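Put together the whole structure using the sequences plus the hints.
Okay, here's what each chain looks like letter by letter:
Protein chains: 2
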Amino acid sequence: MINKLMREIQKKNAPIVVGLDPTMKFIPESVKKNAFSVYGETLQGAGEAIWQFNKEIVDAIYELVPAVKPQIAMYEQFGIEGLIAYKKTVDYCKSKGLVVIGDIKRGDIGSTSTAYAVGHLGKVQVGSESYAPFDEDFATVNPYLGTDGVKPFIDVCKEEKKGIFVLVKTSNPSSGEFQDRQIADANNRPLYEIVGEKVAEWGADCMGESYSYVGAVVGATYPEMGKILRQIMPKSLILVPGYGAQGGKGADLVHFFNADGLGAIVNSSRGIIAAYQNEKYKEKYTEANFADAAREAVLDMQKDIASALGTINV
Amino acid sequence: MINKLMREIQKKNAPIVVGLDPTMKFIPESVKKNAFSVYGETLQGAGEAIWQFNKEIVDAIYELVPAVKPQIAMYEQFGIEGLIAYKKTVDYCKSKGLVVIGDIKRGDIGSTSTAYAVGHLGKVQVGSESYAPFDEDFATVNPYLGTDGVKPFIDVCKEEKKGIFVLVKTSNPSSGEFQDRQIADANNRPLYEIVGEKVAEWGADCMGESYSYVGAVVGATYPEMGKILRQIMPKSLILVPGYGAQGGKGADLVHFFNADGLGAIVNSSRGIIAAYQNEKYKEKYTEANFADAAREAVLDMQKDIASALGTINV
Numbered sequence: 001m002i003n004k005l006m007r008e009i010q011k012k013n014a015p016i017v018v019g020l021d022p023t024m025k026f027i028p029e030s031v032k033k034n035a036f037s038v039y040g041e042t043l044q045g046a047g048e049a050i051w052q053f054n055k056e057i058v059d060a061i062y063e064l065v066p067a068v069k070p071q072i073a074m075y076e077q078f079g080i081e082g083l084i085a086y087k088k089t090v091d092y093c094k095s096k097g098l099v100v101i102g103d104i105k106r107g108d109i110g111s112t113s114t115a116y117a118v119g120h121l122g123k124v125q126v127g128s129e130s131y132a133p134f135d136e137d138f139a140t141v142n143p144y145l146g147t148d149g150v151k152p153f154i155d156v157c158k159e160e161k162k163g164i165f166v167l168v169k170t171s172n173p174s175s176g177e178f179q180d181r182q183i184a185d186a187n188n189r190p191l192y193e194i195v196g197e198k199v200a201e202w203g204a205d206c207m208g209e210s211y212s213y214v215g216a217v218v219g220a221t222y223p224e225m226g227k228i229l230r231q232i233m234p235k236s237l238i239l240v241p242g243y244g245a246q247g248g249k250g251a252d253l254v255h256f257f258n259a260d261g262l263g264a265i266v267n268s269s270r271g272i273i274a275a276y277q278n279e280k281y282k283e284k285y286t287e288a289n290f291a292d293a294a295r296e297a298v299l300d301m302q303k304d305i306a307s308a309l310g311t312i313n314v
Numbered sequence: 001m002i003n004k005l006m007r008e009i010q011k012k013n014a015p016i017v018v019g020l021d022p023t024m025k026f027i028p029e030s031v032k033k034n035a036f037s038v039y040g041e042t043l044q045g046a047g048e049a050i051w052q053f054n055k056e057i058v059d060a061i062y063e064l065v066p067a068v069k070p071q072i073a074m075y076e077q078f079g080i081e082g083l084i085a086y087k088k089t090v091d092y093c094k095s096k097g098l099v100v101i102g103d104i105k106r107g108d109i110g111s112t113s114t115a116y117a118v119g120h121l122g123k124v125q126v127g128s129e130s131y132a133p134f135d136e137d138f139a140t141v142n143p144y145l146g147t148d149g150v151k152p153f154i155d156v157c158k159e160e161k162k163g164i165f166v167l168v169k170t171s172n173p174s175s176g177e178f179q180d181r182q183i184a185d186a187n188n189r190p191l192y193e194i195v196g197e198k199v200a201e202w203g204a205d206c207m208g209e210s211y212s213y214v215g216a217v218v219g220a221t222y223p224e225m226g227k228i229l230r231q232i233m234p235k236s237l238i239l240v241p242g243y244g245a246q247g248g249k250g251a252d253l254v255h256f257f258n259a260d261g262l263g264a265i266v267n268s269s270r271g272i273i274a275a276y277q278n279e280k281y282k283e284k285y286t287e288a289n290f291a292d293a294a295r296e297a298v299l300d301m302q303k304d305i306a307s308a309l310g311t312i313n314v
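Line by line, the protein sequences are chains A and B. Note that the first sequence covers residues 1 to 314 in the numbering used here. Note that the second sequence covers residues 1 to 314 in the numbering used here.
If you are wondering where the hints come from, they were derived from the structure by calculation, not from laboratory data. These figures come from a predicted structure and were not determined experimentally. Where a beta carbon is used, it is the ideal one built from N, C-alpha and C, also for glycine. Any given hint could be a false lead.
[Stated by the list, open to error] Between beta-carbon pairs, the in silico distance windows are:
#, chain 1, residue 1, chain 2, residue 2, range
1, B, 91, A, 30, 49 to 55 angstroms
2, B, 33, A, 29, 47 to 53 angstroms
3, B, 247, A, 155, 20 to 26 angstroms
4, B, 182, A, 59, 48 to 54 angstroms
5, B, 249, A, 59, 56 to 62 angstroms
6, A, 127, B, 227, 45 to 51 angstroms
In structure tokens form, the structure reads like this:
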């Protein structure tokens, strides 16, 4: 799957992943109204609104980008009905040829991590049958519990030829609270570098053609740290959140890429899916053509990144 | 909810939480056969088997213990159908007066953590209606993303009078990989102590009668660290996994308690729910009375802990 993802990034000339994080306030009133008219203002109604919204967004952007990243929390908040919308979204995106990165940030120990791994990336056994319940292509994983928590995901990835992105340095303001702590050893490095080294170590064991099955999450909001982490994990694809709404700029992104112009995939969520609400696109687009606004926002993001990388050939 | 939990621990004289982590291999063949005869060897069949198994266990133990801790991964691995069984289990346990600790180990940033928090502990808004989708009483939370990731849970806890347990020092063998790293500051302490201090700080802001809404997870397998963490977080209830099957012994547990004999709640999962498969209970119990074996295992655990605490009055 990492090979497919790298190929699609090159083919579409877009190291971009669209975050499908549909909160109620991003969904146009008309879409909600339609859903509520059938299911009422219920969890099922919310799930239906999310699904219809996603479908239109995906139809508008699937030719432009290699991947989408649904944030499961935004679905899980609506309980079972929200998770049904999540699963429909995953399946629909795959049917459109998109690589699906499940932003699930799971992480536990031993058999529990195995359960998450088979549920999201692998197959679970029921008697003599086996099923792939959520079946994303990639998943994000929290490393706090150490190798015990990550290894079960890697085992499933090897079997299924899928991948993970391990949280190394997250994009949020307080990510430094623990991640930036200086570790008292010979090199006195921050914790995120130690985690980065582990990612490189875990990844060396499961290489695709040019990049590993084990990638990393490093926030666009910390470009200088990205530069160092890029060197520590040369074979890991870096998933970069925090571009756009969170403050990360195109020019900051250059540090996350390798000399080959690859090595990073930049996420934008509300900057794309809620573009029609953005000052920049507000005049041209309304609720009625929210998906077209998303499409234009993807094209603008593509130009911004290409310009930063000095390869303006879009 | 922390007040209810503390009251129930004292009333039942049992600082015990039963981990409802039903893997297929713990569920008796007869239970699976019944479920599969109706739904086939499907995800729905697995969900039904889990639910029927849980129900019998809960009926056998609810009078003895204050709380249960369903591990959501064990349900999520069966997809939507597994999560329906999770939700049924949560509701049933609450109807029996049990405090439900959702072992979800979620953690993200800002609005995403808020989504997890409302989905599991709070209420989500759909138009003019609001719903409590999963509605556990407590949830476990991963701290790697810092205050941004934890604060949204605390906000919801204040509103709903519910609580969280933050992962501080986990019970698994490789938990030390990152958690034990010495931090280069004036005091040169390990990371888990720094996280423990944050837990105390977060918790000070939302106190129940004697303990805080913000508890901590510290593994029974690390009693010496438990001793220090007990002092760092005097007002946090410590959820202690790793007793029994993972190697933690009754005698080790004394360090996790305060002088008042309170302050910790010890989890056992397979040691209780799969007791009928255990050498110790195998002669007396079979698949047919697996729930009775679970009951006896709870009573034995209660004696083991009471004896360690020097308060043999069960």
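Right, here's what the structure says about each hint:
no.	hint	in the structure
1	91(B) with 30(A): 49 to 55 angstroms	35 angstroms, violated
2	33(B) with 29(A): 47 to 53 angstroms	51 angstroms, holds
3	247(B) with 155(A): 20 to 26 angstroms	23 angstroms, holds
4	182(B) with 59(A): 48 to 54 angstroms	52 angstroms, holds
5	249(B) with 59(A): 56 to 62 angstroms	59 angstroms, holds
6	127(A) with 227(B): 45 to 51 angstroms	46 angstroms, holds
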